[in-house]
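Throughout the sequence shown, residue numbering follows mature numbering (1 follows the signal peptide of the UniProt record, and there is no 0), covering -26 to -1, 1 to 103 in sequence.
Treat the hints loosely; a few may be bogus.
[To be verified] The calculated lysine-lysine pairs, modelled on DSS-like cross-linking and capped at a C-alpha distance of 30 angstroms, are:
{"#": "1", "residue 1": "Lys51", "residue 2": "Lys101"}
{"#": "2", "residue 1": "Lys101", "residue 2": "Lys73"}
{"#": "3", "residue 1": "Lys73", "residue 2": "Lys95"}
{"#": "4", "residue 1": "Lys51", "residue 2": "Lys41"}
{"#": "5", "residue 1": "Lys41", "residue 2": "Lys73"}
{"#": "6", "residue 1": "Lys67", "residue 2": "Lys101"}
[As the list claims (entries may be wrong)] Here are the in silico distance ranges between beta carbons for each label pair:
{"#": "7", "residue 1": "Cys47", "residue 2": "Phe92", "range": "35 to 45 angstroms"}
{"#": "8", "residue 1": "Lys61", "residue 2": "Cys2", "range": "29 to 39 angstroms"}
{"#": "9", "residue 1": "Leu1", "residue 2": "Ser93", "range": "31 to 41 angstroms"}
{"#": "10", "residue 1": "Arg78", "residue 2": "Ile36", "range": "33 to 43 angstroms"}
{"#": "11", "residue 1": "Arg30", "residue 2": "Lys61", "range": "14 to 24 angstroms"}
{"#": "12", "residue 1": "Asn21", "residue 2": "Arg56", "range": "34 to 44 angstroms"}
{"#": "13", "residue 1": "Pro5", "residue 2": "Lys55", "range": "10 to 20 angstroms"}
If you are wondering where the hints come from, they were derived from the structure by calculation, not from laboratory data. This one's a predicted model, so the numbers in the text were calculated from it and none came from an experiment. Glycine is no exception: its CB is placed at the ideal position from the N, C-alpha and C atoms.
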Amino acid sequence: MNSASFFALVVFALFVLNSSTTPVEGLCSRPSQTWSWRCVNSSSCNNQCKNWEGAREGSCDINGVCKCVYNKCNAPKLCEKRSRTWKGGCRTKTKECDKQCKNRENAWHGACHSSGLFSTKCYCYFKSC
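Assemble the whole structure, with the sequences as input and the hints as a guide.
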């Protein structure tokens, strides 16, 4: 086989491979709606994005923000409301806040977020408002 034939075969193979690949639908990334603090653990961010927000994956960005990645750009945002049943602060009680939002307020999830300089509150997340 001469070099011209070999070159033509390579070009043809690349053309076939390129034309048979399906394009990936546009992925969208946005900050997590349920992440409470500075993101330093991408594994935890990934789990929370998947399990709490229905995302494809998640990871910490360079600025310490937990970013969730969705398969579609029109992935619905969660509706955030301050808990009606939680009393007091909840700086280290996100699991308890989550449980209470689910069990007492029929929310999808709950998480503690800062609501001022030194204050944290329990917020519940609903799939629709």
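So, going through the hints one by one against the coordinates:
no.: 1; hint: Lys51 / Lys101; in the structure: 8 angstroms, holds
no.: 2; hint: Lys101 / Lys73; in the structure: 16 angstroms, holds
no.: 3; hint: Lys73 / Lys95; in the structure: 14 angstroms, holds
no.: 4; hint: Lys51 / Lys41; in the structure: 13 angstroms, holds
no.: 5; hint: Lys41 / Lys73; in the structure: 23 angstroms, holds
no.: 6; hint: Lys67 / Lys101; in the structure: 22 angstroms, holds
no.: 7; hint: Cys47 / Phe92: 35 to 45 angstroms; in the structure: 37 angstroms, holds
no.: 8; hint: Lys61 / Cys2: 29 to 39 angstroms; in the structure: 37 angstroms, holds
no.: 9; hint: Leu1 / Ser93: 31 to 41 angstroms; in the structure: 35 angstroms, holds
no.: 10; hint: Arg78 / Ile36: 33 to 43 angstroms; in the structure: 38 angstroms, holds
no.: 11; hint: Arg30 / Lys61: 14 to 24 angstroms; in the structure: 36 angstroms, violated
no.: 12; hint: Asn21 / Arg56: 34 to 44 angstroms; in the structure: 24 angstroms, violated
no.: 13; hint: Pro5 / Lys55: 10 to 20 angstroms; in the structure: 18 angstroms, holds
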